[in-house]
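Visitor: Build out the structure end to end from the sequences listed, making use of the hints.
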Amino acid sequence: MAVEHVPSEPLEALLSRLADGVVAGPDDLMGIGECLNVIERIEAHENTPDTWKEDLEAVKRLFRGIILEESSDPSADWEKIRDVLKNFAGNGHPGSGSASQALPAEPQAAVQQQAACPLGVSGEETHADPPASEEVRLEDAELIKDFIEEAKEHLASIELNIMSLEADPKDKEAINAVFRPFHSIKGVAGFLNLRSIHHLSHEVENLLDEARSGAIDVTDAVIDVVLRAVDILKVLLQELEAALGCGEAKLSAGLVENFLRSLKAFDPAQPSVGVRTEKPPKVGEILVQKGLVEPEAVEQAVEEAKERGKKIGEVLVEDGVLSAQDVAIALREQRRFQENTASVRVDTVKLDNLVDMVGELVIAQSMVLQNPEVQAIKDQKFQKDSVQLRRITAELQRISMSLRMVPIKSTFQKLIRLVRDLSKKSGKDVRLDMRGEETEIDRNMVEEIYEPLVHMIRNAVDHGLETPEERKAIGKDPCGTIFLSAEQKGGNIIIELRDDGRGLDARKIRAKAVERGLIGPDDVLEERALFDLIFHPGFSTKDQVTDVSGRGVGMDVVRRSVEELRGKLEVSSVPGHGTRFELKLPLTMAIIDGMVICVGPERYVVPTVALRESLRPSREAYLTVHGSEEMIKVRNQLMPLIRLHKMFGVTPRYTDPWDALILVVNEDQKSYGLLADEIIGRQEVVIKSLGAGLRHVKGLSGGAILGDGKVALILDVKGIVSGYEEGGHHGYDRQRRVA
Amino acid sequence: MKVLVVDDFATMRRIVKNILRELDFKDIVEAENGAAAVKILESQDIDLIVSDWNMPKMTGLELLKWVRANDKTKDLPFLMVTAEAQKENVVEAVKAKVSNYIVKPFTAAVMAEKLAKILPQN
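Protein sequence lines, in the order shown, are assigned to chains W and P. Residue numbering for the first sequence is 1 to 739, as defined by the UniProt record's numbering. Residue numbering for the second sequence is 1 to 122, as defined by the UniProt record's numbering.
Derived, one-sided and incomplete: chain P residues facing chain W with beta-carbon distance under 10 Å:
{"no.": "1", "residue": "D7"}
{"no.": "2", "residue": "D8"}
{"no.": "3", "residue": "F9"}
{"no.": "4", "residue": "M12"}
{"no.": "5", "residue": "I15"}
{"no.": "6", "residue": "P56"}
{"no.": "7", "residue": "T59"}
{"no.": "8", "residue": "A96"}
{"no.": "9", "residue": "S99"}
{"no.": "10", "residue": "Y101"}
{"no.": "11", "residue": "V103"}
{"no.": "12", "residue": "K104"}
Sample of chain P residues lacking proximity to chain W, with all beta carbon distances greater than 10 Å (derived):
{"no.": "13", "residue": "L23"}
{"no.": "14", "residue": "F25"}
{"no.": "15", "residue": "K26"}
{"no.": "16", "residue": "D27"}
{"no.": "17", "residue": "I28"}
Please keep in mind that the hints were generated in silico from the structure rather than gathered at the bench. Ideal placement from N, C-alpha and C gives every residue a C-beta, glycine not left out.
Guide: Written as structure tokens, this is what we have:
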């Protein structure tokens with residue numbers, strides 16, 4: 001049952017078309033083209049005997065040689081072709097192989113009789129000691145200027161297009177878009193006699209051509225090579241531009257030679273060219289890390305990839321384990337890692353040192369400028385110069401800080417998948433609405449906030465959102481929404497996580513807290529304090545353990561990890577309308593927003609995030625329990641009084657609380673009053689780690705150099721409180737019930 | 001005689017134009033890709049097309065196919081500009097009835113030689 005497509009032309013008609021002198025001569029490419037088309041149709045014709053094939057192939061080969069000007073004797077070849085074609089057309093078929101004898105079975109050694117190619121593109125002659133620089137006489141300055149401008153634009157487009165290529169290495173159009181600029185630059189460089197540029201773009205073009213034809217895959221290594229070539233081209237263009245006025249340019253041909261040498265030894269399957277100390281993570285590792293796929297699945301895919309000769313990402317996508325999008329994200333991440341290694345991969349310790357030193361520079365500067373003798377200088381130029389100095393150091397500080405900042409995007413993106421999975425597992429429709437992914441955050445923190453966010457989102461899906469039926473029944477959109485946003489506000493990053501679920505149930509929380517003995521049955525708590533109880537260790541109101549949020553990890557762990565980042569986590573909720581968590585993080589771990597206080601001759605910095613309020617108590621607010629335990633009553637709340645001077649062994653100015661100052665801090669659901677002499681002011685300080693001698697002192701987290709050059713110690717509230725509790729004092733739980 | 005020069009790289013168009021001027025072609029219009037060339041071909045009377053191969057949106061080969069399939073333009077001399085590395089493609093172009101091709105970089109003399117082969121003699 002053959003399917004008839006097009007009524008096929010009779011073979012005889014095709015043959016006679018061949019003979020009708022369709023080709024006027026070897027210069028008549030259009031005729032040759034027509035002839036080749038007819039030959040191909042004859043070849044494909046069902047009535048064509050197999051014995052003709054050889055002759056037809058031979059004719060095609062000869063034509064090809066003529067077309068490409070590779071034939072050593074075009075007119076002789078032309079004669080041969082004519083004979084064969086005549087033979088075909090004359091009696092309907094070539095006389096029993098007679099033509100074959102006239103034809104060579106293989107093309108004659110094709111002599112490259114190229115048109116004059118001043119550059120020797122095929123380039124075998126460049127081996128003998130290349131010059132380190134190429135001297136170029138710039139004849140047509142205006143044309144070269146145009147070329148530089150346009151080439152730059154095209155190079156910029158390469159960098160853009162590489163992105164989409166990364167996302168999909170098989171994207172033909174993307175490969176082409178990267179290929180094209182090299183091709184164009186090469187073409188023009190050929191005319192302008194810019195040898196180095198021509199040579200470089202030619203080689204990269206060849207590499208990309210192989211990628212286009214599918215001969216090689218666009219691996220990360222290939223992308224590396226392309227990006228390096230772009231960099232070198234930029235350098236060459238710059239050199240060219242700089243020399244425009246002088247009529248002669250020296251181009252760094254050595255740079256190109258080095259590159260081309262490494263290109264020769266280049267294996268696209270290799271993870272990278274050149275020396276790299278640290279290997280980029282494997283795609284599989286990234287996928288596992290993101291929780292997109294189980295480690296076992298990756299192992300299996302690796303095996304299969306080997307067997308099938310494919311990449312692991314391809315295998316995962318083909319087997320329907322992952323979407324191509326997921327793999328692309330992982331690839332991009334891997335790529336980003338490599339980019340870092342290629343350009344700004346710096347040991348974070350060095351980066352921290354830099355930030356530290358810049359911080360000290362700022363302080364040293366203010367010490368100098370605040371020196372009374374310096375301030376007495378009336379010289380106007382000095383005034384102007386010191387303003388300039390301040391401006392530069394401030395900018396330097398800003399830049400050095402920004403070196404450690406990365407967009408929060410990568411963390412957010414991992415959560416998309418999480419929500420999708422949770423939604424499937426729990427049978428609840430969930431939409432994730434994200435904003436502010438571009439917000440930048442200290443790279444030390446970006447990893448740390450992932451886990452807390454995962455927990456909160458799990459809780460939101462499991463506890464917060466209702467089932468679609470429940471939602472429909474109360475007139476809500478059956479699809480629940482989780483809203484995640486990040487923004488920079490002042491010196492903080494605010495991450496908001498909100499759901500439109502049922503909200504926190506104050507009644508249930510209270511019952512649970514009483515049952516767990518966290519509060520007394522008759523305790524009066526503000527709603528806020530009640531909600532805050534969910535951060536208490538082990539607290540959970542959900543009756544049954546579910547697959548989604550599981551058991552064990554509670555919100556207490558989440559709050560603790562946020563606090564370890566010197567952040568703050570707060571919750572608010574409207575019954576029936578949802579729950580909102582606000583995560584407030586410092587912009588960076590290197591700087592702390594602190595309150596400088598003074599105890600005796602010493603100065604300390606209390607992180608403002610830990611500080612609730614400060615006040616001078618009345619005599620009546622001070623009391624002792626059991627004759628020894630000092631308590632202070634703040635707004636009807638009784639809290640232990642911790643004497644900082646005792647803790648650090650200094651002599652204070654005031655020993656009576658009503659003369660001194662109380663700093664109220666919160667730690668682990670409890671409040672404490674820290675006794676200090678006075679508050680000096682609020683200040684941002686650069687945290688410096690303490691020397692070996694002080695590192696293990698409880699209650700201190702670091703040191704800072706203040707504006708006047710003196711050192712202040714930074715208090716670690718958690719350490720102070722635990723030091724106090726371990727010192728034989730009783731906990732706060734009991735005390736609160738007294739209140 | 002009106003020539004249409006098609007190339008996505010402006011500098012390249014300029015180079016081709018300079019060479020054509022040297023050969024005494026004064027009336028030259030430009031297009032930055034095949035699609036733009038089609039618009040010009042539809043609205044103006046062109047006598048010769050000199051087109052690059054690799055362009056975004058519509059390649060030289062696609063343009064050639066359009067030209068040959070269109071009554072108004074099917075007999076126009078079409079000179080394809082190609083690079084040494086892309087010579088293999090030329091057979092493709094020949095099958096699509098390109099008039100001739102020229103390999104970059106070329107001199108005015110080579111261009112003249114090619115044009116002599118494809119332009120109507122008079």
